Amino acid sequence: MIRDITIGQYYPSNSRLHRLDPRVKIVCTLIYLVSLFLFQSIGGYIIATLFLASVIRISKVPFKFIVKGLKAVVMLLVITVLFNLFLTKTGTVLFSLWIFKVTDEGLRTAVFMTIRLIYLILGSSLMTFTTTPNALTDGIEKLLWPLRKIKFPVHEIAMMMSIALRFIPILLEETDKIMKAQLARGADLESGNIIQKAKAMIPILVPLFVSAFRRANDLAMAMEARCYRGGEGRTKMKPLVYERKDYIAYAITVLYVVFAVVIDRVV
Amino acid sequence: MIRTKNLVFDYKKFDDEGNVIGTRRAIDEVNIDIEPGQFIAILGHNGSGKSTLAKHMNAILSPTEGTMWVDGKNTSREENIWNVRQTAGMVFQNPDNQIIGTIVEEDVGFGPENLGVSTEEIWQRVEESLSAVGMIEYRHHSPNKLSGGQKQRVAIAGVVAMRPKCIVLDEPTAMLDPNGRREVLRTVEELRKKEKVTVILITHYMEEVVGADRVIVMDKGHVVLEGTAREVFSQVELLKEYRLDVPQVTLLAYELRKKGYPIPKGILTTEELLSALSECKNTDIKTQVLGSEAKKSLSNVGQPLLKVDHINYIYSPGNAFEKHALKDISLDIYEGEFIGIIGHTGSGKSTLIQHLNGLIKATDGDIYYKGENIYREKYNLRELRNNVGLVFQYPEHQLFETDVLTDVCFGPKNQGLSQEECKERAIEALKLVGLPEKYYEVSPFDLSGGQKRRVAIAGVLAMKPKVLVLDEPTAGLDPKGRDEILEQIAYLQKEGNLTVVLVSHSMEDIAKYVDRIVVMNKGSKMYDDEPKKVFAHYEELEKVGLAAPQVTYMMHELAKKGFPVDTEATTIAEAVETISKVLKK
Numbered sequence: 048m049i050r051d052i053t054i055g056q057y058y059p060s061n062s063r064l065h066r067l068d069p070r071v072k073i074v075c076t077l078i079y080l081v082s083l084f085l086f087q088s089i090g091g092y093i094i095a096t097l098f099l100a101s102v103i104r105i106s107k108v109p110f111k112f113i114v115k116g117l118k119a120v121v122m123l124l125v126i127t128v129l130f131n132l133f134l135t136k137t138g139t140v141l142f143s144l145w146i147f148k149v150t151d152e153g154l155r156t157a158v159f160m161t162i163r164l165i166y167l168i169l170g171s172s173l174m175t176f177t178t179t180p181n182a183l184t185d186g187i188e189k190l191l192w193p194l195r196k197i198k199f200p201v202h203e204i205a206m207m208m209s210i211a212l213r214f215i216p217i218l219l220e221e222t223d224k225i226m227k228a229q230l231a232r233g234a235d236l237e238s239g240n241i242i243q244k245a246k247a248m249i250p251i252l253v254p255l256f257v258s259a260f261r262r263a264n265d266l267a268m269a270m271e272a273r274c275y276r277g278g279e280g281r282t283k284m285k286p287l288v289y290e291r292k293d294y295i296a297y298a299i300t301v302l303y304v305v306f307a308v309v310i311d312r313v314v
Numbered sequence: 232m233i234r235t236k237n238l239v240f241d242y243k244k245f246d247d248e249g250n251v252i253g254t255r256r257a258i259d260e261v262n263i264d265i266e267p268g269q270f271i272a273i274l275g276h277n278g279s280g281k282s283t284l285a286k287h288m289n290a291i292l293s294p295t296e297g298t299m300w301v302d303g304k305n306t307s308r309e310e311n312i313w314n315v316r317q318t319a320g321m322v323f324q325n326p327d328n329q330i331i332g333t334i335v336e337e338d339v340g341f342g343p344e345n346l347g348v349s350t351e352e353i354w355q356r357v358e359e360s361l362s363a364v365g366m367i368e369y370r371h372h373s374p375n376k377l378s379g380g381q382k383q384r385v386a387i388a389g390v391v392a393m394r395p396k397c398i399v400l401d402e403p404t405a406m407l408d409p410n411g412r413r414e415v416l417r418t419v420e421e422l423r424k425k426e427k428v429t430v431i432l433i434t435h436y437m438e439e440v441v442g443a444d445r446v447i448v449m450d451k452g453h454v455v456l457e458g459t460a461r462e463v464f465s466q467v468e469l470l471k472e473y474r475l476d477v478p479q480v481t482l483l484a485y486e487l488r489k490k491g492y493p494i495p496k497g498i499l500t501t502e503e504l505l506s507a508l509s510e511c512k513n514t515d516i517k518t519q520v521l522g523s524e525a526k527k528s529l530s531n532v533g534q535p536l537l538k539v540d541h542i543n544y545i546y547s548p549g550n551a552f553e554k555h556a557l558k559d560i561s562l563d564i565y566e567g568e569f570i571g572i573i574g575h576t577g578s579g580k581s582t583l584i585q586h587l588n589g590l591i592k593a594t595d596g597d598i599y600y601k602g603e604n605i606y607r608e609k610y611n612l613r614e615l616r617n618n619v620g621l622v623f624q625y626p627e628h629q630l631f632e633t634d635v636l637t638d639v640c641f642g643p644k645n646q647g648l649s650q651e652e653c654k655e656r657a658i659e660a661l662k663l664v665g666l667p668e669k670y671y672e673v674s675p676f677d678l679s680g681g682q683k684r685r686v687a688i689a690g691v692l693a694m695k696p697k698v699l700v701l702d703e704p705t706a707g708l709d710p711k712g713r714d715e716i717l718e719q720i721a722y723l724q725k726e727g728n729l730t731v732v733l734v735s736h737s738m739e740d741i742a743k744y745v746d747r748i749v750v751m752n753k754g755s756k757m758y759d760d761e762p763k764k765v766f767a768h769y770e771e772l773e774k775v776g777l778a779a780p781q782v783t784y785m786m787h788e789l790a791k792k793g794f795p796v797d798t799e800a801t802t803i804a805e806a807v808e809t810i811s812k813v814l815k816k
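Sequence lines, in order, name chains Y and L. This note's numbering applies: residue 48 is where the first sequence begins, and numbers increase by one. This note's numbering applies: residue 232 is where the second sequence begins, and numbers increase by one.
Rather than coming from a laboratory, the hints here were simulated on the basis of the structure. Remember, it's a predicted structure, so these values are computed and weren't measured experimentally. Note that beta-carbon positions come from the ideal geometry of N, C-alpha and C, so glycine has one too. Incorrect hints may have been included.
[To be verified] Just a sample of chain Y residues kept apart from chain L, beta carbon distances all over 12 Å, derived:
no., residue
1, R63
2, L123
3, T127
4, I299
[As the list claims (entries may be wrong)] Which chain L residues face chain Y? A few, computed with CB under 8 Å, are given here:
no., residue
5, V251
6, N289
7, R316
8, E337
9, G340
10, E344
11, N375
12, L377
13, R616
14, N617
15, F641
16, Y670
17, V673
[Claimed, not checked] No more than 27 Å apart at the CA atoms, straight line, and that leaves these computed lysine-lysine pairs for DSS-like:
no., chain 1, residue 1, chain 2, residue 2
18, Y, K227, L, K376
19, L, K236, L, K396
20, L, K376, Y, K115
So here's chain Y without its partners, still in its complex pose (with noise of 0.2 Å):
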């Protein structure tokens, strides 16, 4: 189950958009996100749908694994889209069901706000296909540089950031072990009210959290031994240096928007 999620993942590929500097993905999947609430009229979205399509065009992430990533947050979906839909009260009714009436308006907002929802996710989880978690944090980490001199610790978060990203898939495989051993002895996860389900958590999270932290301790010495000593006077295997790719690839997202917007208010 856990395994089906795809949100959050690195596809590995070697495309012009995996090449790219995470800067440049952070900073224009941003941008991206925004222009998407830019947009009044389906004349942006026409432009902003071609635009994606083709960034997973170029990204050779397959379609099927990137539409994948919606299926966790289809309960989301469904719920904004009814919302929309029977809240809205201004515009004309076009039919009411008991006490709710549904509005052209309302159609209107649930459509685009569906749109918007859809091709966030989809945007964002592209950011991630095409970046390692590494690169993630280098970017952040780079990105928020300037914010060291207001003493806000960039390096210890962006480490802390990477070593995270490398235990999820540890600490999920434990917490599936736990589960199935506590099950062996007889326990019951299922049934009961709240309060008994969350006492029989506790044969699972003791554990978990005991080798959460036998696990700290053990990387903790590990990095120790490989001489870490925080981020004063280390250098960089893959350090970010802006190439030309990468202003094109600004430069092309700036104009994406600047068209999408003239298009928005054109049509």
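Guided by the hints, dock chain L onto chain Y, whose structure is given.
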């Protein structure tokens, strides 16, 4: 290279306010002197202080008393720490917990990055070190997708990239299967030859230290024995006292010697044994050949207790991760049997045993317990799990209660027994695994590794299962600990009329204890027969990444060299018997 003078280290226990409330001496007056370029092995049981000593070499710990010098630098001095850590790189036991990077090459670059090496040189070093351990083609992989042996090789590369003069390996093979173990040892051996680094290997596996220049044996924080492998392994009895063991050949030679044959001490190879045996041939020794305790032959009739009927299991069907983990497996388990399951990592053995108590449901096929189909609607799976107890690998990681007794009570409590009954069952189970009464009220987290494992096994035994399934119950334990656990299980099987299914990587253990072996390969059942018959196929077993017990190899080698022993012998006792017979003629 590494020198210590009267090294002492105390672990301190603190109370909530940070005051020292107790100390435990882990290292006591240790004096060692290691020359550059040597291969040193350190042996010792769990808790003998060998890991603590290793951590001093890397300045992770600093001595309570005495001094340690690494490459002439005092490790207690603050200004030397980073230099020492670079000089003596360290590889730890758990492959998962020492890899920092999310991609192989980035992890190897972590050390040089910390040292402030320039970017171009980092790349060069990463390439060199990954090539040195033979992992260059995996450079873009995620460590999570690698096998244990591969992960350890990455960890070694990460140390090599820091250009150390000395590599300290703290039980690098303890959590690996035999293939992974071989991989890692071969890598270390090559590094030693090519890069001329000093290697300090800490281990529980006696076979690994035969090639060492010097072996150091530790017990209770002291160095108790020091010398060449031959000198150390001559002292079989002494080593056993220190909860250790000797290589199988040495053990065989020792057993023969004990019977009165004039075999010299400290035999390390089969050739040496052979030449010693040729000497014996002419001497006349009066020993009686004991009839070996005949193992139960396979004469299972009637209804099997557990019947696995043509099951298939497919992981994540229909997506990219799809894997056919079990292919058409059928297996009958009869009451009172002792079955061994062997197979390389990923052969499906863990998946198979999780079917036995219904934790995993087969994609198709059926499983019958006492003739009843467990996939039948409304079949009581919890009842099945009471009858088929499953002990996972490293079961001590599932302990969670505040004291030992309560933890063991968890199973019976889930069965709905009263508090008194639970306690009774728990005490009975704890007695069965041989845990002394003084530990009943102690927190399970304060116990030693071997004791924790006993508690965890007791936790399953307390449910009074009819079948006990164990997934590598001896992983990570020292030789004595391994023997103790297995003896206990064998005893339960014999006296308690328990049916036991044992998954193990150790062919020696399998040969010694089980009545029947099931060999798994790539999700299929390859063999299902008596140990002798299965191990006769040792060449086929090797092809699928397994092996026969070392005794089998020794017997084949002896037979090839014209010493007509019975090549079917799989255990030391059987080997002693057949050799005695030959010598009598």
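Evaluation of the provided hints:
With a least CB separation of 17 Å from chain L, R63 of chain Y remains clear of the 12 Å interface cut-off, as annotated. With a closest Cβ-Cβ approach of about 22 Å to chain L, L123 of chain Y is found to remain outside the 12 Å limit, as its non-interface label requires. At roughly 27 Å, the least C-beta separation between T127 of chain Y and chain L is larger than 12 Å, which holds for a residue marked as non-interface. Every CB of chain L lies more than 12 Å from the CB of I299 of chain Y, the least distance being 27 Å, so the non-interface label holds.
Interface hint at V251 of chain L: violated, since its Cβ lies 20 Å from the closest Cβ of chain Y, which is beyond the 8 Å cut-off. Residue-level restraint check for N289 of chain L holds (minimum Cβ-Cβ distance to chain Y is 5 Å; threshold 8 Å). Proximity of R316 of chain L to chain Y holds as hinted, the smallest CB-CB distance being about 5 Å (cut-off 8 Å). Given the 8 Å rule on beta carbons, the hint for E337 of chain L holds: about 5 Å separates it from the nearest Cβ of chain Y.
The interface hint given for G340 of chain L holds, since its Cβ lies 4 Å from the closest Cβ of chain Y, which is under the 8 Å cut-off. The interface hint given for E344 of chain L holds, since its Cβ lies 5 Å from the closest Cβ of chain Y, which is under the 8 Å cut-off. Taking 8 Å as the C-beta contact cut-off toward chain Y, the hint placing N375 of chain L at the interface holds, the least distance being around 5 Å. A least Cβ separation of about 12 Å between L377 of chain L and chain Y goes past the 8 Å threshold, and the interface hint is therefore violated.
Taking 8 Å as the C-beta cut-off, the interface hint given for R616 of chain L holds, the closest approach to chain Y being about 6 Å. Given the 8 Å rule on beta carbons, the hint for N617 of chain L holds: about 6 Å separates it from the nearest Cβ of chain Y. Annotation: interface hint on F641 of chain L holds; nearest CB of chain Y at approximately 6 Å, less than 8 Å. The interface hint given for Y670 of chain L is violated, since its Cβ lies 18 Å from the closest Cβ of chain Y, which is over the 8 Å cut-off.
This hint is violated: V673 of chain L has a C-beta 16 Å from the nearest C-beta of chain Y, more than the 8 Å allowed. Distance restraint check for K227 of chain Y and K376 of chain L: the Cα-Cα separation of roughly 22 Å lies within the 27 Å cut-off, and the hinted pair is therefore satisfied. About 21 Å separates the Cα atoms of K236 of chain L and K396 of chain L, which keeps this hinted pair within 27 Å; it holds. Distance check on the hinted pair: K376 of chain L and K115 of chain Y sit about 21 Å apart at the alpha-carbon level, within 27 Å; holds.
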